[in-house]
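**Q** In terms of the numbering used here, the sequence shown opens at residue 1 and continues consecutively.
Keep in mind the hints are simulated off the structure, nothing from the lab. All of these numbers come straight from a predicted model, not from anything done at the bench. Ideal Cβ placement from N, Cα and C applies to all residues, glycine included. Be aware that a few hints might be false.
Taking CB as the label site, the calculated pair distances span [as the list claims (entries may be wrong)]:
#1 R47 to H26: 18 to 24 Å
#2 S24 to E103: 30 to 36 Å
#3 T20 to A72: 16 to 22 Å
#4 A35 to V99: 28 to 34 Å
#5 R31 to G111: 30 to 36 Å
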Amino acid sequence: EPAAGGEGGAAGGRVCACPTILLSVHQPTYRFLEAMTGLVAMAAGGRLLYGGPVKTAAGSCALAQWFDADGASPRLAQISPNPAEALLDALADPSGAMVLKIEALLRAEAGKATPPEEIAEPAAEA
1 EPAAGGEGGA
11 AGGRVCACPT
21 ILLSVHQPTY
31 RFLEAMTGLV
41 AMAAGGRLLY
51 GGPVKTAAGS
61 CALAQWFDAD
71 GASPRLAQIS
81 PNPAEALLDA
91 LADPSGAMVL
101 KIEALLRAEA
111 GKATPPEEIA
121 EPAAEA
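All chains, full assembly: derive it from the sequences and hints.
**A** Set out below in structure tokens:
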């Protein structure tokens, strides 16, 4: 956690083009989010909420597009102009509508996962 104890912006200069970087960001700034190529967001209990690119091929925010795909309110931009901050606020929102939306997103994401028994071992080369 490169920015532990500091402000979210303090870690901005530490993002590099390395193959894989795993970090936990407690104060995500929009600039920091845009410097990343991929994002994994976890919900309570360690459940995968979102795993994918930060931007779409067209350059828009993939996280917002995914969150807003159902067309229901609230949309991510209605919560905050910073998609990362908006997602954190959505996860912390105890209102019934938000809880239902997050649960629906979790069910949809869980439906995409390949059960371990269906993952085939790679064929050995002869």
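**Q** If a hint holds in the structure, say so; if it doesn't, say that too.
**A** Verification of the supplied hints:
no.: 1; hint: R47 to H26: 18 to 24 Å; result: 19 Å, holds
no.: 2; hint: S24 to E103: 30 to 36 Å; result: 23 Å, violated
no.: 3; hint: T20 to A72: 16 to 22 Å; result: 34 Å, violated
no.: 4; hint: A35 to V99: 28 to 34 Å; result: 31 Å, holds
no.: 5; hint: R31 to G111: 30 to 36 Å; result: 33 Å, holds
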